[in-house]
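With the hints as a guide, bring both chains together as one complex.
Each chain, letter by letter, is given below.
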Amino acid sequence: MGGLTDGYVYVDTATGGVHRRNHVIKHSEYRPPKGTPDCFTTYLRFTKDLLDYAQENPSPKTGRPSVAGYPGPALANCLPFDFDSKDPKQAIAEAIGYVRLWESRWHLPPEALRIFWSGMKGISIEAPAELFGGFEPSPSIAKHLKALAVAMAPEAKTLDASIYEKLRLWRVPNTRHGTSGLYKVPITIQELTSCEY
Amino acid sequence: MNTNIADLAKTPRSIAHAKGVALEQIPQLADLFHSVVSLEHETTYEKEAATAKAAKKNEATAARGTEIVIEEGQRNIALAKLAGTMRRRDMSEEAIFAALKVENEAKCNPPLPEAEVRTIAKSIGRYKAKEPVYEPSDLTAFPTEALPRTLRKFVEEAAASIGCPPAYLGVPMLATLASAIGNSRVLEVKTNYSESATLYTAIIGDPGSSKTPALNLATAPASKKQQELEREYREALAQYNRENRRWEDEIYEDFTPDPPQEPVYQRTVVQDITVEALTERLVDNPRGLLSNNDEISGWVRSMDQYKGGKGNDRQFWLSTWSNNPIFVDRKGRKDPLMVPRSFVAIVGGIQPGILSELKNDREDGLLDRFLFSFPDPLPTRWSDTEISEETMAAYEGIYEGLYGFSVDTDENRNPSPRLVTFTPQAKRVFIDAYDSLSEEMESPDFPQHLKGPWSKMRSYLARISLIIGMARIAEMKNLGPRILYDLMPPEAVISESDVKAAVVLIEYFKSHACKVYTRLHNQRKKSTSNTRNLTNADADKGTDLAQYLVQFLRDRDGYWQGMTSQLYEICKAASVSGLPGGDGAFGKQVRKIANAPDNDLVLNEGWRGKDPIIKLSLSTVGTVGGVGSTHTETTKGTDSRNEGEKATTDQPEPTNHKDYLAEIRDAVERLFNDHPEHGKSPDTEAIAVELFWWGYLNYIPDERDVEVTLCS
Chain A
250 MGGLTDGYVY
260 VDTATGGVHR
270 RNHVIKHSEY
280 RPPKGTPDCF
290 TTYLRFTKDL
300 LDYAQENPSP
310 KTGRPSVAGY
320 PGPALANCLP
330 FDFDSKDPKQ
340 AIAEAIGYVR
350 LWESRWHLPP
360 EALRIFWSGM
370 KGISIEAPAE
380 LFGGFEPSPS
390 IAKHLKALAV
400 AMAPEAKTLD
410 ASIYEKLRLW
420 RVPNTRHGTS
430 GLYKVPITIQ
440 ELTSCEY
Chain B
468 MNTNIADLAK
478 TPRSIAHAKG
488 VALEQIPQLA
498 DLFHSVVSLE
508 HETTYEKEAA
518 TAKAAKKNEA
528 TAARGTEIVI
538 EEGQRNIALA
548 KLAGTMRRRD
558 MSEEAIFAAL
568 KVENEAKCNP
578 PLPEAEVRTI
588 AKSIGRYKAK
598 EPVYEPSDLT
608 AFPTEALPRT
618 LRKFVEEAAA
628 SIGCPPAYLG
638 VPMLATLASA
648 IGNSRVLEVK
658 TNYSESATLY
668 TAIIGDPGSS
678 KTPALNLATA
688 PASKKQQELE
698 REYREALAQY
708 NRENRRWEDE
718 IYEDFTPDPP
728 QEPVYQRTVV
738 QDITVEALTE
748 RLVDNPRGLL
758 SNNDEISGWV
768 RSMDQYKGGK
778 GNDRQFWLST
788 WSNNPIFVDR
798 KGRKDPLMVP
808 RSFVAIVGGI
818 QPGILSELKN
828 DREDGLLDRF
838 LFSFPDPLPT
848 RWSDTEISEE
858 TMAAYEGIYE
868 GLYGFSVDTD
878 ENRNPSPRLV
888 TFTPQAKRVF
898 IDAYDSLSEE
908 MESPDFPQHL
918 KGPWSKMRSY
928 LARISLIIGM
938 ARIAEMKNLG
948 PRILYDLMPP
958 EAVISESDVK
968 AAVVLIEYFK
978 SHACKVYTRL
988 HNQRKKSTSN
998 TRNLTNADAD
1008 KGTDLAQYLV
1018 QFLRDRDGYW
1028 QGMTSQLYEI
1038 CKAASVSGLP
1048 GGDGAFGKQV
1058 RKIANAPDND
1068 LVLNEGWRGK
1078 DPIIKLSLST
1088 VGTVGGVGST
1098 HTETTKGTDS
1108 RNEGEKATTD
1118 QPEPTNHKDY
1128 LAEIRDAVER
1138 LFNDHPEHGK
1148 SPDTEAIAVE
1158 LFWWGYLNYI
1168 PDERDVEVTL
1178 CS
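Quick mapping for you: the protein sequence lines, in order, are chains A and B.
Residues 250 to 446 (my numbering) make up the first sequence, in order.
Residues 468 to 1179 (my numbering) make up the second sequence, in order.
Don't take each hint at face value.
[As the list claims (entries may be wrong)] Derived BS3-like pairs (lysine-lysine); straight-line CA-CA distance at most 25 Å:
#1 B:K894 - A:K395
#2 B:K548 - B:K568
#3 B:K589 - B:K568
#4 B:K477 - A:K283
#5 B:K477 - A:K335
#6 A:K338 - B:K477
#7 A:K392 - A:K297
#8 B:K918 - B:K657
#9 A:K406 - B:K894
#10 B:K477 - A:K370
#11 A:K335 - A:K406
#12 A:K370 - A:K338
#13 B:K894 - A:K392
#14 B:K894 - B:K657
If you are wondering where the hints come from, they were derived from the structure by calculation, not from laboratory data.
Same shape as in the complex, but just chain B (with noise of 0.2 Å):
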């Protein structure tokens, strides 16, 4: 029996407060702290303190010689930044170090330790000095400290028992947690304007990463969820046949009883479904639905797969991600099947090498509702590491919790989602972050294809945050005494450290879109590539040696040379399909590839001392023109000798230089047009490097023919 809490009051006594606890600072209580005392009105005394401390600080500056004050919480992202704007322009991880070491002493308040200094740099001097790395928050992890206890205990415990990164955990644990939120509450960000929970989700990761082990264990709870709502369903159903046989026998000539309510199958997870199944699925859940996809890029392909891709299904997803009503016609009906508010949140798994297949060329903004996640592959290794089940019983709670909140109805019967509000500090962050990420897509160096994926990130702070805020809510409704939250309704709030947590969240997402639209852009640029030089190619029957030899000089900065001999092993060595048996007929296979009309490939003839070399170079970039001066070995015309075939011969330009110079043109045109501060630049090889960059060519030009394209 428990002690009566007023006996313990009746003599002194005594007890060692915060045993064995190390009283340390909490960061989130120390900066809740510091904001509401900014929050209060200042004292004279406080400031006259202020004004001392800014004196200080001017002084500190000023000595400093330096009118840029990078402060604490900005110090990693501004070095960042920076640090990518020098490995663009190919600056080795040494240099760079060197200069934001300069600048970290130079700008920093305080400055950031070397070591940190040393592994931004080491960080950014990972990625080629010609592939962008826009983002500043490459680095970034999995914030599992944004989430609450419970749930981020999940992700640790079930990263180190399936072994793999906690983000294919946390990813789809937050659109399970979505979908059981569904239509039953929203956040007002302001009036007329709400977000709901939806989320759009999927992990990326090489086969083998152990994607699906993280996705059914982050959607255990929707599955579990289920099973219990199926037996339910069967129940009922058996009930039903029941009633409903002893309502037809008590069917009397002048009378009808009400017949029995035949009960709905409620469903909380969907897979591998049509829309058209998806809709009815919808009609009988109001509250929303859960799509599991292990593999997302076969959601992708299904999409339209009955309708001779001419169907709505990519429509219909666009809409369901705003929540928009949806209907749908169906045979032999005249009434269309409605659902007043769609609700669904996607979780899925895609392999990197097929990311492509989602954007498929389309540009309708599908894939800028995804939140991505692309962690750094782990190795696999066994652990004994397991999930406890106390843990696993907690994250289901939540989910049960949030499962809980009814979803209310207006007068037709429509879902009416009950409204969240925030707190007046939680909006002064969520605007704060808004703004943030509108000032991020408006700056002059924001690249084009990220501004889809940024635009959406603007609603994910709204939708991240009543995620958080409600399952923190379902949390405390575990953990805490009942009494208080029948005190506190759970509709209350979303609270500041609930949106500071979506912030942290969406820089996770900001980044890893970076890294995914990084990919997506340049995988573009380089299959329109070969696509023209595979069109050629195939006329001649040597499409994969074509494919190959493109790649391969591509990644020689376009050009190599060699004897035929050297080519042909290397080409062995790397299993290209095809071959011929010996060297001269491989020589004479490149020479009709290198012939075609309009092809990328350029092939001159020459000598190393006595051997006869092959010079093959890509007319796409920019140093055909210097072949022939730019090397050494002499060049003698046609003659192939040992060769066994008529070379190309050595000509001072590719034959469709013209077309490379108009291409230049027309790229720097646009350059000026979508960036006009580079119009007043006389730098020419800055301006070479920023039509790569920008992605108008897919190549850096050489300078001079950039100094002609300006001249002309």
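Only chain A is shown next, with the shape it has when bound in the complex (with noise of 0.2 Å):
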């Protein structure tokens, strides 16, 4: 990719709930107070413009800072999945089995893929874009993740495929949720395969 991806390093960064978004920085430079809950940033990564697009573009509501309907291309490092689900037997199960699948029909080795339990309902999994050949920066990068997403999980009853919007907010791994009160952890493949749930 070279020095396509260059510069891409910012994020919108939401501390304490997603309605405290709108405050861009360079990703490196986040850290999550300890122990607040709902902590988030986006997945994908901006250039400078989107700092500047949000202090140019204040919201007509509250005159702040806004990201809102930032026109300019991003850059995505993984291609997300979230399987979500009421009953997280069905979102474990079905993340379970797509890993498998994709491992049979595209070898692709379960131990690249980042693994998160959502520490709530469900799990969230990220496929590095080296497996992909890395996406090149774009204005449609979310909605070609989106179609990406769909083709490798076909017929998914738990995948939610709302997050696939550029400026998606995605929760902080190792922080808090809010409701639960349980972490967004980390597991490796066969932590998921043979946990309990």
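Structure representation (structure tokens):
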């Protein structure tokens, strides 16, 4: 990808709930305050243009900087999947099944995936962009990711397709879920397949 | 006791994701991404980018001064095709390489590495100059990477263990899995058009090339299943006999209880079986069967063996390939034996030397229905490699999984396979590949003798997609949690990757069909010619010698000259049977053979210095007329001197030269008729080559003779 991805280091963040968003900073500088629940960043990365845009386009309601409507390109470092269901068993089983399916169909090593238990009712999986040869920055990257996710997990009943938005916030690992008090934690494929739920 | 997943989330934790795993591009995933992106509606931003990219590309193309651009994915095939064309014109490997390098730089985007170009030139250069090398993918090895992981592992481990080409495992494995699917599922290509999993396959190799052990291993799951079914049958039969005896005891004058149901002998595999017996087996096994033929030529020879060659066995196999109903009338019974929907998959081996027995001069299309694998032999070396129990069990698991799909029946209790469908993306890939096959066949360069097998490849594209897709689902059933399998109906879809895998496998089978049919095509020409020679030679009891001389001359472009004693030594060294005791008698025998009427052998006499020599040629080769003039030795008429027998005199033309010209004229007419583009060419040399290339003649005629026929 080379220089194409240079500068894509900014994310929008929300600390203490999604309504506290519109704080664009460098991803490497974001440190969620210890113990604060519901911390998020966008899973896509942006250039400084997003910061400038937010400041130049304040919200008409609040007058504060807002990222809403940002038209520029974004970079994806991974393809995220969110298997989410009121019945976590179903979401977990489906996540396991698709990991195995990808392994058998595309020889995608499950160990290459970053798997997280949301702490609430689902499993999120991040497939690193390297597996796809990298994703080029694009204003439409979220749409492409959605198409790709649907192609990889056809007929998935618990796949949350609403996450494929450019400015979608993504819970920060090892931060607490406000409702359950549980953490979003990384888990291994072995833990995923052997844990009881 | 396993941890509850909720417990893991009570505190933050740290694990190293992707530890020890190289994050490398997976080509299929990259392809998938590009294909989904291409389907997406482009934004203005992207359109601009695409336009800019296209402009840049056009500039690059213009800079290269060519209008043709060969993109990635097509470069090897395009260059191999080009190399084949050059080889046909007798260009050397080096010359081909030099020309390919230029074309590669000029037209390929990006150009292939030079080493790959060299490989193409080398591969194509292996072929004899006049041997047809139509198929560009002659280089294809069995594509294990197209198989689901479990199957790939089985093929690779088993091939390493046996020491045979992977194809010897892979091809019969596909047919074995096909038989497990049987009549349970068909692929709905479109409304009212579906394809089953039926495969007819044959692996080709010399004796001792480990075909049999490979076949045994590839079909092992079916054999194992058969043993299991047989045991169950024996148990059920014993139970039935007990119940039957009890039932007979319980028959009263005024009341007869329902009789027990006699168990059916379920089978998975049949061997060495007549069509009639097979039909009976099919009645009892609506799923279908695997016909395992260690030597498939025996299977062909057995057809109609009890009917003086007048039976319908070949018709049976043609029908079965299409899963048509089968009716067999039986002696002493009014009702025919009926199989409403036949299904038989075939595996077998054959030696290259007896390939022609499959064709048996019958143009009924049975041969076209076979998928051949004719890999280069591997050197036999001891190997400590063994197939692991785990791998074998996983393969058996897939077979079991497929066998586990039930065979539905309709209201008449006839098999009614459930329909499996394509995903939209898979359908698009299928359509592209289907059209590509058709376009190949419509090409003016496409050899006639490949049209039959190519037309069947279109069906096989769907069939192999079905087998790969179903195997993938069965694999998931074994690997994944049962709950997911339950969530996803197995008949859901054939995916894009399944069809892409089938496309790769079809490419493999095409290349091997080309190899097989080219050989058959050439054998047929050779046998036609040899038969004509032998007929005359038989009269002189010099059959072997005549046959040998024809082949001897053919290997030397139809001409040889030297002393009789030299030829005698050559024949002795070749162990030609029936040779006389000395070269004098030998010379006499050769002249008799050559003097026989209508013989293709022509013998002229001449001198090399003071030594008398003979000049042997084939009248069917165009150089005959020029024998006297193109060689430096003086020809002194009929004086045989030490040769002891009056020889054929020098002639300006062979006695059958008129027939020879008529043959060329006829061939030219047929060539122009079938390929009108040649009628516009004044290039007689090219026409001469085309006559041979397309099989209108089994030799390249002299261009002057071609010119004569054109003028006349």
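Hint by hint, here is what the structure shows:
1. B:K894 - A:K395: Distance ~21 Å between K894 of chain B and K395 of chain A Cα, so the pair holds.
2. B:K548 - B:K568: holds (14 Å)
3. B:K589 - B:K568: holds (13 Å)
4. B:K477 - A:K283: holds (15 Å)
5. B:K477 - A:K335: Measuring from Cα to Cα gives roughly 20 Å; hence the hint holds.
6. A:K338 - B:K477: With a Cα-Cα distance of about 18 Å, the restraint between K338 of chain A and K477 of chain B holds, given a limit of 25 Å.
7. A:K392 - A:K297: holds (22 Å)
8. B:K918 - B:K657: The given pair, whose Cα atoms are some 24 Å apart, holds under the 25 Å limit.
9. A:K406 - B:K894: It holds: about 23 Å lies between the C-alpha atoms, which stays within 25 Å.
10. B:K477 - A:K370: Holds, at roughly 14 Å.
11. A:K335 - A:K406: holds (12 Å)
12. A:K370 - A:K338: holds (9 Å)
13. B:K894 - A:K392: holds (23 Å)
14. B:K894 - B:K657: holds (10 Å)
Hint check: no violations occur; every hint is consistent with the structure.
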